[in-house]
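Full structure from sequences and hints, please.
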Amino acid sequence: MATFAPTHQEPHHHHHEVDKRPLSYWWTRAFVGTIVGIAVGFFIPWFFRFVFGMEPLWVPELYYTVILSTATLGFLAGIGCFDYWMKYILGHRVSYEDHSMHGAYSWRDYFKVNTDHKVIGIQYMVTVFFFFIVGGVFAELVRAELSTPGQQLVDGEDYNGLFSSHATVMIFLFVIPAFAGLANYILPIMIGAKDMAFPRLNALSFWMLIPGGLLLAASPIVGSYSAGWTAYTPLAVQGSTGQTMFEVAVQIVGTSSIMAAINFMVTIFTMRAPGMTVWRMPLLVWANATTSALVIFGTPFIAGSQFMTLFDRIMNTQFFNPVGGGDVIMYQHVFWFYSHPAVYIMMLPGFGIISEILATFSRKPVFGYRALAFSTVAIAILGFGVWAHHMFVSGMASWLRIPMMLTTIVIAIPTGVKVFSWLGTIWDGKLHLKTPMLWALGFIFTFVIGGLSGVYLATVPIDIALTDTYFVVAHIHYVFFGGSVFTIFAGVYYWFPKMTGRMYNETWGQVHFWLTFVGMNVTFFPMHWLGFQGMPRRVADYDERFAAMNEFITMSTALMVVGTLIFFANMAYSWAKGPKAPWNPWRGRTLEWLVSSPPSTFNFEATPQVVGGPYQYGIEGARHAVVFAPEEIGGGELTETERRTILVVASETVSSSTLLDEIRRKSKEGPWRFTFAVPAKGRDHRSAERRLQVALAVLAEAGVDANGSVVDGGPIEAIEKVVEEEPVQEVMLATYPSGQSGWMENDMLDRARKATGLGITRVVVRRDDAVAPAPGSGVVALGVVANDALGTDGLGAAIRNRADQQPLGVTLICPLNLTGPGWTDDASKVRDEAVDRAQRTIGDLVDAGVPAQGEVIDGDEAAAARVAVTAYGAERVILFTLRGEGGEATVEAVRAAIAPVEVEHVVVDAAAPAGS
Amino acid sequence: MATTDLTSVGEVRATSGDGAIPPTIDRTRNISGGMLMMIFFIGSEVMLFASFFAAYFFARYNIADNDWPPLNQAGEPFKLPVLLTGVNTAVLVASSFTLHWAEHRLKLGDRKGLQVGMIVTMLLGAAFLIVQLNEYWHLGFTPSDTAFGSTFYALTGLHGAHVAVGLLILLVMYIRITRANDFSAKFATPLAAGSLYWHFVDVVWVILFLLVYVL
Chain A
1 MATFAPTHQE PHHHHHEVDK RPLSYWWTRA FVGTIVGIAV GFFIPWFFRF
51 VFGMEPLWVP ELYYTVILST ATLGFLAGIG CFDYWMKYIL GHRVSYEDHS
101 MHGAYSWRDY FKVNTDHKVI GIQYMVTVFF FFIVGGVFAE LVRAELSTPG
151 QQLVDGEDYN GLFSSHATVM IFLFVIPAFA GLANYILPIM IGAKDMAFPR
201 LNALSFWMLI PGGLLLAASP IVGSYSAGWT AYTPLAVQGS TGQTMFEVAV
251 QIVGTSSIMA AINFMVTIFT MRAPGMTVWR MPLLVWANAT TSALVIFGTP
301 FIAGSQFMTL FDRIMNTQFF NPVGGGDVIM YQHVFWFYSH PAVYIMMLPG
351 FGIISEILAT FSRKPVFGYR ALAFSTVAIA ILGFGVWAHH MFVSGMASWL
401 RIPMMLTTIV IAIPTGVKVF SWLGTIWDGK LHLKTPMLWA LGFIFTFVIG
451 GLSGVYLATV PIDIALTDTY FVVAHIHYVF FGGSVFTIFA GVYYWFPKMT
501 GRMYNETWGQ VHFWLTFVGM NVTFFPMHWL GFQGMPRRVA DYDERFAAMN
551 EFITMSTALM VVGTLIFFAN MAYSWAKGPK APWNPWRGRT LEWLVSSPPS
601 TFNFEATPQV VGGPYQYGIE GARHAVVFAP EEIGGGELTE TERRTILVVA
651 SETVSSSTLL DEIRRKSKEG PWRFTFAVPA KGRDHRSAER RLQVALAVLA
701 EAGVDANGSV VDGGPIEAIE KVVEEEPVQE VMLATYPSGQ SGWMENDMLD
751 RARKATGLGI TRVVVRRDDA VAPAPGSGVV ALGVVANDAL GTDGLGAAIR
801 NRADQQPLGV TLICPLNLTG PGWTDDASKV RDEAVDRAQR TIGDLVDAGV
851 PAQGEVIDGD EAAAARVAVT AYGAERVILF TLRGEGGEAT VEAVRAAIAP
901 VEVEHVVVDA AAPAGS
Chain B
1 MATTDLTSVG EVRATSGDGA IPPTIDRTRN ISGGMLMMIF FIGSEVMLFA
51 SFFAAYFFAR YNIADNDWPP LNQAGEPFKL PVLLTGVNTA VLVASSFTLH
101 WAEHRLKLGD RKGLQVGMIV TMLLGAAFLI VQLNEYWHLG FTPSDTAFGS
151 TFYALTGLHG AHVAVGLLIL LVMYIRITRA NDFSAKFATP LAAGSLYWHF
201 VDVVWVILFL LVYVL
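Those sequence lines, one after another, are chains A and B. Numbered by the working numbering, the letters in the first sequence go through residues 1 to 916 in order. Numbered by the working numbering, the letters in the second sequence go through residues 1 to 215 in order.
The reader is advised that the hints may include incorrect statements.
Okay, derived cross-link-like pairs now, DSSO-like style, lysine-lysine, Cα gap no bigger than 27 Å in a straight line [to be verified]:
no. : chain 1 : residue 1 : chain 2 : residue 2
1   : A       : 434       : A       : 668
2   : A       : 87        : B       : 112
3   : B       : 79        : A       : 87
4   : A       : 580       : A       : 668
5   : A       : 430       : A       : 754
6   : A       : 721       : A       : 434
No wet-lab data here; the hints were simulated from the structure.
Written as structure tokens, this is what we have:
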């Protein structure tokens with residue numbers, strides 16, 4: 001009996017067949033598909049109305065509904081979402097293991113249908129942050145209108161459209177898909193899978209978000225939907241064309257959401273690596289499984305409610321028309337039966353992210369792992385029984401109030417279990433206050449406030465007083481902004497190194513956090529008072545007595561705007577030019593940290609084996625999983641916890657090639673990992689940070705597992721701090737030669753031995769080696785050409801800034817530009833001065849933690865640049881000139897001399913005269 | 001033909017050569033991903049029907065029991081053809097049995113029987129749809145005649161759409177069987193998932209018939 005085709009598995013090659021068709025092919029098809037879809041969508045209702053003789057032929061909202069649906073299908077077919085399935089349907093031979101659309105090899109692959117969950121994850125994240133900007137602009141317009149009483153920018157109808165659009169975009173196009181995007185990237189790796197269960201369905205889920213999102217975001221153009229994101233009838237039945245777009249778009253986005261959830265469910269159920277029992281799953285996986293169940297069983301209810309609204313709009317049905325026996329309250333019941341669980345759809349994945357981050361950055365096992373897992377499930381189940389607490393004043397059956405109040409208050413119990421488990425996790429932990437951790441801690445603070453005001457609102461008498469006031473606005477923003485959005489930022493920072501292979505800028509990350517955290521609280525906290533005083537929500541105008549506070553709130557949002565701009569700048573710059581990320585920058589235990597950053601095309605070379613729980617930080621000998629390394633680097637097994645740690649203590653010598661060579665040699669001997677502890681006091685902190693970045697960048701490039709931090713205090717304090725936190729097997733101490741070394745004079749070797757009880761290896765580094773730029777990739781060789789600009793504050797500051805963004809090795813070439821003969825006294829005086837200036841500049845740079853070397857040459861700037869490139873291998877050149885000296889001709893000469901090397905021109909102010 | 005081995009109930013994959021293994025589902029589990037997907041999808045569909053049933057019962061709850069079904073514009077109660085639809089229900093239920101018989105023939109290696117069973121199933125399904133459309137034609141009320149008409153048409157229409165989708169799925173399976181010589185006694189996951197969907201559509205109809213027509 002014949003069995004063939006679909007059961008056949010293609011032999012796997014590392015260089016699998018990749019589809020070669022260009023972007024223009026796909027997007028032309030998408031364009032044509034959309035046009036055909038529009039035409040078909042016009043024809044269908046016309047045909048039926050014509051054949052059945054219905055009058056009038058033209059019923060705009062009916063046509064719009066069909067056209068928007070068929071245009072979406074046309075777009076999806078055109079972009080290629082259905083290609084494989086069409087072949088299957090038509091009975092052609094297909095291979096289930098068709099990976100021709102898998103993986104990204106250039107930026108182009110992100111702009112077409114791709115089946116790689118990692119590519120789809122990034123497609124999701126970029127898309128949702130685009131919609132985050134759109135939703136944010138709507139929010140700022142709302143606040144601008146509310147800045148003072150009376151009518152400012154828009155009339156009441158448009159104002160209703162603005163807040164409706166803001167909420168809809170943020171909920172359906174940012175928060176929900178952002179969690180889907182993060183999980184898309186991380187979750188399969190976390191459970192040891194090579195992809196999602198249904199990669200083609202996964203791609204379809206993402207691509208549906210594009211037409212659905214554009215319909216929602218663009219609806220203000222045709223007369224926005226203004227019934228709020230809840231789209232209550234009868235407002236929604238009477239609304240303008242924008243409302244039709246809303247109804248259709250919610251169906252599209254909801255379908256996308258359901259398909260993604262089914263995909264996650266099957267992935268989690270069937271594709272976990274061997275050994276990953278349910279009690280060994282990371283909490284993010286628990287959270288996503290639970291959320292997926294909510295989406296699968298809840299979202300059909302919003303679909304149902306929007307279908308009925310649409311039918312009332314275009315087919316004159318009587319679902320919500322009391323005259324025809326319909327029931328307006330029924331809409332609210334059906335809608336909230338989805339939309340209250342949707343609140344948890346927007347919260348549970350965030351809970352999962354927070355659990356991951358708190359454990360990693362507290363260096364402790366999660367407190368109450370099973371309690372956290374069970375409470376997630378409990379919240380989801382209880383969440384289906386509380387919907388009518390949104391309707392206490394709607395006129396629904398009044399006997400429903402008390403049960404709904406009680407179930408709502410009961411939900412505070414599993415939520416409280418979570419909060420206390422998180423506090424238990426950070427209790428007595430070694431907290432590392434990196435950006436993701438700040439977001440996680442900030443989340444606990446704001447989410448508890450939002451949770452408490454939620455319990456408040458759940459009680460019937462208080463709700464009757466406060467419903468539809470700004471108290472509700474404050475509550476929802478504390479749980480959605482202070483809750484969901486904070487967790488999304490936490491997750492984005494946490495997995496940014498894994499997803500992009502580069503580190504984000506820590507300083508700007510923290511600035512982003514503090515601006516947003518403060519801005520969020522000063523914006524939304526005063527709204528509690530406004531609500532108590534009776535200011536109604538969803539009204540464009542308000543009483544004079546609320547003026548001062550509203551003006552304050554509108555101004556406060558500026559903090560969040562600035563923070564968000566910093567976030568985008570940081571992400572964009574770091575993605576393009578940030579330092580290379582190591583495999584495991586945070587010392588995480590879960591599987592995604594045991595593969596490279598970013599992971600290879602199919603994540604794992606061989607199926608990993610899970611052997612323990614995911615969060616056993618600080619437990620001797622505990623391990624989560626065994627991952628097998630690719631053959632290129634030995635093919636042996638890699639485990640996070642089996643690696644042995646060498647503690648490297650070095651101060652000024654940390655970026656020296658002697659030390660780095662020794663570490664590289666040592667790392668080849670066994671599964672060593674290196675933890676740097678760089679002692680620094682006060683002002684030296686920044687310099688030490690720069691030197692450490694250079695060392696880590698070089699080692700990351702060489703494939704060495706290295707990590708570290710700058711510690712305030714002396715070397716012994718640094719050693720003690722690290723030894724307290726993790727088991728260390730050896731210590732490596734880098735110093736200058738005896739006689740030149742302050743540490744050796746203070747018997748550092750003996751003291752370190754006593755402090756640790758471990759063997760100490762001393763690495764002797766010559767002073768000139770310590771300051772010279774480290775050779776090797778990972779560090780940008782920067783040529784600096786300057787003469788008169790040497791010694792100015794501007795030059796030092798410019799180079800330090802660049803070193804903060806990217807590890808540098810600086811070569812300073814000072815052209816003398818002599819016009820006369822070189823042997824005169826004048827000439828030698830000029831030369832001596834130049835040498836002096838160059839030496840001082842190099843000394844300053846080295847003190848600032850930027851390795852530097854240099855020389856003074858006869859000749860002009862072009863010659864100097866040529867020396868920097870040819871003799872010192874500079875990859876980029878900066879030319880410094882003084883303000884007012886007109887360096888344009890020089891810049892051109894330099895550019896011409898060393899093309900195609902990039903030349904940057906920086907103009908600095910002359911140094912202040914000495915003594916002033 | 002490639003050698004085959006049993007890695008999961010209902011699904012067989014050929015062993016690959018050497019080298020890394022591309023993504024596969026069903027590593028050690030005893031249910032295939034395709035069946036699981038269909039089960040979750042059906043769960044979602046159940047909820048979609050539930051939302052329309054909720055609308056139906058709201059409309060019904062608002063009217064005293066002995067006033068149901070309500071009066072139409074001519075002042076007479078709406079009438080549903082219970083007997084004809086009952087026969088039609090039997091037709092649809094029969095189609096579930098013929099489909100099951102077809103799957104059983106495949107397990108015995110009888111591909112001819114499989115094809116015959118599927119054709120009979122599709123004919124029964126199509127007959128059901130045609131009778132339903134004919135019923136719409138002769139009912140004498142429309143979706144805009146009170147909430148009774150709206151919920152009746154929404155529920156039966158939603159179900160009719162599902163029957164149509166189910167027929168399409170069966171048609172695709174039939175094409176796979178005949179044109180691609182697909183499925184065998186050991187591997188028939190898409191067919192099994194499609195038939196599960198068909199059974200679901202049947203069960204929903206039986207519930208709908210009891211709640212809306214009979215009660």
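Here's how the hints hold up against the structure:
no., hint, in the structure
1, A:434 to A:668, "violated, 30 Å"
2, A:87 to B:112, "holds, 24 Å"
3, B:79 to A:87, "violated, 46 Å"
4, A:580 to A:668, "holds, 21 Å"
5, A:430 to A:754, "holds, 23 Å"
6, A:721 to A:434, "holds, 17 Å"
Of the numbered hints given earlier, the model fails hints 1, 3; all others are met.
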